[in-house]
Amino acid sequence: MWVYVVMKFSKRTKLGRERQKLFCREIAKDGFRRLYDSLYVRYCSTIENAQMHKKRIMEKIMEKCQISIMFVDDRHNGQSYHYLGRSQKRKNEANLLKMPDLVEFF
Numbered sequence: 154m155w156v157y158v159v160m161k162f163s164k165r166t167k168l169g170r171e172r173q174k175l176f177c178r179e180i181a182k183d184g185f186r187r188l189y190d191s192l193y194v195r196y197c198s199t200i201e202n203a204q205m206h207k208k209r210i211m212e213k214i215m216e217k218c219q220i221s222i223m224f225v226d227d228r229h230n231g232q233s234y235h236y237l238g239r240s241q242k243r244k245n246e247a248n249l250l251k252m253p254d255l256v257e258f259f
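Mind the numbering: the sequence shown is residues 154 to 259 in this note's numbering, read in order.
Please keep in mind that the hints were generated in silico from the structure rather than gathered at the bench.
You may find that some hints are simply not true.
To be verified - With a Cα cut of at most 25 Å, we get these calculated DSS-like pairs of lysine-lysine:
(1) Lys164 x Lys182
(2) Lys217 x Lys161
(3) Lys174 x Lys164
(4) Lys217 x Lys174
(5) Lys167 x Lys217
(6) Lys167 x Lys213
(7) Lys167 x Lys182
(8) Lys207 x Lys182
(9) Lys213 x Lys174
(10) Lys182 x Lys208
(11) Lys208 x Lys161
(12) Lys213 x Lys164
(13) Lys207 x Lys174
(14) Lys161 x Lys207
(15) Lys161 x Lys182
(16) Lys182 x Lys213
(17) Lys217 x Lys207
(18) Lys213 x Lys161
(19) Lys217 x Lys164
(20) Lys161 x Lys174
(21) Lys174 x Lys208
(22) Lys217 x Lys182
Unchecked claim - Have a look at the derived ranges for each label pair, beta carbon to beta carbon:
(23) Gly169 x Met223: 18 to 28 Å
(24) Gly169 x Asp227: 33 to 43 Å
(25) Phe224 x Ser191: 14 to 24 Å
(26) Glu171 x Gln232: 34 to 44 Å
Even for Gly, the Cβ is constructed at its ideal location relative to N, Cα and C.
Make a model of the complete structure from these sequences and hints.
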């Protein structure tokens, strides 16, 4: 199960930029990786673990911001495609985002 967090803060004001920085730092401490400027992603092994991270994010939400939390299962995430520009070495091949291989202990 993948948890995607999409956020929108007001970048016109200094307070909005500071709030976004603080929120991004907090969810990065929780294990989320930055995919784009306002999109963070994290892998969770179970739906219960994903719900726990959702609860933590809900506690950190500040006023005057828009946050969306999406749960995507492995099958649908495997069908997604992330293109992050061209590599310097190989101009014909796309530089794809590769998520780290995770090991689960039981």
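Hints, one by one, checked against the model:
For the suggested pair Lys164 and Lys182, the alpha carbons sit about 22 Å apart, so the restraint of at most 25 Å is met. Simply put, Lys217 and Lys161 have alpha-carbon atoms about 9 Å apart, close enough for the 25 Å limit, and the pair holds. A C-alpha spacing of about 11 Å is found between Lys174 and Lys164, which places the hinted pair at or below 25 Å, so the restraint holds. With a C-alpha separation of about 14 Å, the suggested pair Lys217 and Lys174 falls inside the 25 Å cut-off, and the hint holds.
Between the alpha carbons of Lys167 and Lys217 the distance comes to roughly 13 Å, so the proposed pair stays at or under 25 Å and holds. At roughly 19 Å between alpha-carbon atoms, Lys167 and Lys213 fall within 25 Å of each other, so this suggested pair holds. A distance of roughly 23 Å separates the Cα atoms of Lys167 and Lys182; the hinted pair therefore holds under the 25 Å criterion. Straight-line distance between C-alpha atoms of Lys207 and Lys182 comes to about 14 Å, which keeps the hinted pair within the 25 Å bound.
With a C-alpha separation of about 12 Å, the suggested pairing of Lys213 with Lys174 holds against the 25 Å cut-off. For a cut-off of 25 Å, the pair hint linking Lys182 to Lys208 stands: about 15 Å separates their Cα positions. Note on Lys208 and Lys161: the hinted pairing holds, with a Cα-Cα distance of about 19 Å set against a maximum of 25 Å. As the CA atoms of Lys213 and Lys164 are separated by approximately 19 Å, the hinted pair is consistent with the 25 Å bound.
Distance hint between Lys207 and Lys174 is fulfilled; the C-alpha atoms sit about 19 Å from each other, no more than 25 Å. Under the criterion of a C-alpha separation no larger than 25 Å, the hint pairing Lys161 with Lys207 is consistent with the structure, at around 17 Å. Note on Lys161 and Lys182: the hinted pairing holds, with a Cα-Cα distance of about 19 Å set against a maximum of 25 Å. Distance restraint check for Lys182 and Lys213: the Cα-Cα separation of roughly 12 Å lies within the 25 Å cut-off, and the hinted pair is therefore satisfied.
Proposed proximity of Lys217 and Lys207 is supported: the alpha carbons are some 19 Å apart, at most 25 Å. Restraint check for Lys213 and Lys161: satisfied, since their Cα atoms lie roughly 14 Å apart, inside the 25 Å limit. Taken as a hint, the Lys217 and Lys164 pair is honoured in the structure, with Cα atoms around 11 Å apart against an allowance of 25 Å. The straight-line distance between the Cα atoms of Lys161 and Lys174 is roughly 12 Å, inside the 25 Å bound, and the hint therefore holds.
Restraint check for Lys174 and Lys208: the C-alpha separation of about 20 Å stays at or below 25 Å, so the hint holds. Distance check on the hinted pair: Lys217 and Lys182 sit about 22 Å apart at the alpha-carbon level, within 25 Å; holds. Separation of Gly169 from Met223 is about 23 Å and conforms to the stated range, judged on CB atoms against 18 to 28 Å. In this structure the supplied range 33 to 43 Å holds for Gly169 paired with Asp227, their Cβ-Cβ distance being about 35 Å.
One distance hint, 14 to 24 Å for the beta-carbon pair Phe224 and Ser191, holds here, with the actual separation near 18 Å. With their beta carbons about 37 Å apart, Glu171 and Gln232 fall inside the hinted range of 34 to 44 Å.
Against the hints set out earlier in the document, no violation occurs for any number.
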